[in-house]
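Participant: Okay, here's what each chain looks like letter by letter:
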Amino acid sequence: MQTLGGTRLARLFNERQSELLGEWVAQQYAIASRRGGAAEAQLRNQFLQFVDLVCAALGSSEQVDFNTPTWDEVRNFLADVSGQRARQGFTPVETALFVFSLKEPLFARLRADLAADPALLAELTWTISKLFDAMGLYTTEVFQTSREQVIIRQQQELLELSTPVVQLLDGILALPLIGTLDSARTQVVMESLLQKIVETGAAIAIIDITGVPTVDTLVAQHLLKTVAAARLMGADCIISGIRPQIAQTIVHLGVNLQNVITKATLADAFIVALKRTGKSVLGGAPAAEAPGAPGPLRGNQFVGD
Amino acid sequence: MERIPILRMGKLLLVTIQVDMHDRLAMTLQDDLTSRIVKDGAKGVLIDISSLDVVDSFIGRMIGDTAAMARVLDAETVVVGMQPSVAITLVELGLALPGVRTALNVEKGMALLTGTAPL
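The listed protein sequences correspond, in order, to chains A and B. Per the working numbering, the very first residue in the first sequence carries number 814; after that it's consecutive. Per the working numbering, the very first residue in the second sequence carries number 139; after that it's consecutive.
I should point out that these hints are in silico values taken from the structure, not numbers from a laboratory. Each hint should be verified, as a subset may be incorrect.
According to the in silico footprint, chain B covers these stretches of chain A (three or more CB under 8 Å from chain B) [as the list claims (entries may be wrong)]: (1) 864-873; (2) 1029-1043; (3) 1046-1054.
Cβ pair distances, simulated, as ranges [to be verified]: (4) A:Gln-1058 <-> B:Pro-236: 27 to 35 Å; (5) A:Ala-1060 <-> B:Leu-145: 24 to 32 Å; (6) B:Lys-177 <-> A:Thr-1030: 46 to 54 Å; (7) B:Arg-162 <-> A:Thr-958: 50 to 58 Å; (8) B:Asp-178 <-> A:Glu-973: 48 to 56 Å; (9) A:Thr-958 <-> B:Val-244: 47 to 55 Å; (10) A:Leu-974 <-> B:Leu-211: 27 to 35 Å.
Positions of the beta carbon are idealized from the N, C-alpha and C atoms, including for glycine.
Turn these sequences into a full structure, and let the hints steer you where they fit.
Facilitator: Written as structure tokens, this is what we have:
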């Protein structure tokens, strides 16, 4: 079916603009005030701009097709409104209603005007319906896209934030992991750890999983991969911060951590690392303790090998 | 024909791979190295792969095999200087080289072989 009647519709919009505006603003205001957002003046402004653009597009051609370049400006405007509403926390439905709530007042006017010509009425109704559906769907699509962008950006920020590699002492690195490990994160963790090993020439890396909420077979596999890669580079790994529940889960799942040094706390792992690197932290009288036999962790004097 | 040089330092053999490894080169190296271990009576082999940027499963397996062969001939092997990307690739390929000793650089590898390492 052809969708004609562009100029006829443009005239309708022009003539009945103030009536349409009143009914539309009433509906929109109810939604917007619920969100604590847009003021009435701003809504009016948006509507007038919208109607202007739609009229211009309708008037320029008898053929009404939302996917032609004629409608580019309307599309841009709708994208702006949709993105703005997405940021303000509107739901997709409420955003689409920006367009759809104009349908009802429009149909009412058309019915009143064209009561004498049912054929034209049906045709114009179809044109409007098709056009407004396309516009409504477009706002939803833009809404979705802007939401996805927000999510992707947050994911990236999270990835960057969550993988710090810290140097505890010359030759000893620590990697405190927080949050669930998935394949993408493991990759980042692995790369940053190995890079840091090269930079600092560390002999031991402590992977602390106190902040990892659950360990399943997949997470364990990722951990083992990281340990294996570090070993290939010539650094030993210690896994620390294993909570009692996680120890139980690991054994129940049948995950083999036999070849990895595991410790309950970061402190224990640090002591092992000190022993392995031949360093010690002395308490009380310096030089009383032989290297390789760490004293109590009271003093703050470090002895190298 | 292109060959990777094998240097002798006392009872140790030093191999530095500074070109792209291809399969034939790897096989030649394996032949040369095993012959040299027997000929020189070497007690340790140090393979420096710090210039190696790319590995495939064949080269990965060849490194593991070479270490195993050297062990059979009573020579300890240490692979040193593996790049992070190479390490990740090998692990993803399922080649964690369980029998091979590793060190971060030549200095640490040498300390490991001569028994002066703190580890």
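Participant: Now look at each hint and say whether the structure bears it out.
Facilitator: For each hint, the structure was consulted:
no.: 1; hint: 864-873; verdict: violated (count 0)
no.: 2; hint: 1029-1043; verdict: holds (count 4)
no.: 3; hint: 1046-1054; verdict: holds (count 4)
no.: 4; hint: A:Gln-1058 <-> B:Pro-236: 27 to 35 Å; verdict: 30 Å, holds
no.: 5; hint: A:Ala-1060 <-> B:Leu-145: 24 to 32 Å; verdict: 48 Å, violated
no.: 6; hint: B:Lys-177 <-> A:Thr-1030: 46 to 54 Å; verdict: 48 Å, holds
no.: 7; hint: B:Arg-162 <-> A:Thr-958: 50 to 58 Å; verdict: 52 Å, holds
no.: 8; hint: B:Asp-178 <-> A:Glu-973: 48 to 56 Å; verdict: 51 Å, holds
no.: 9; hint: A:Thr-958 <-> B:Val-244: 47 to 55 Å; verdict: 53 Å, holds
no.: 10; hint: A:Leu-974 <-> B:Leu-211: 27 to 35 Å; verdict: 50 Å, violated
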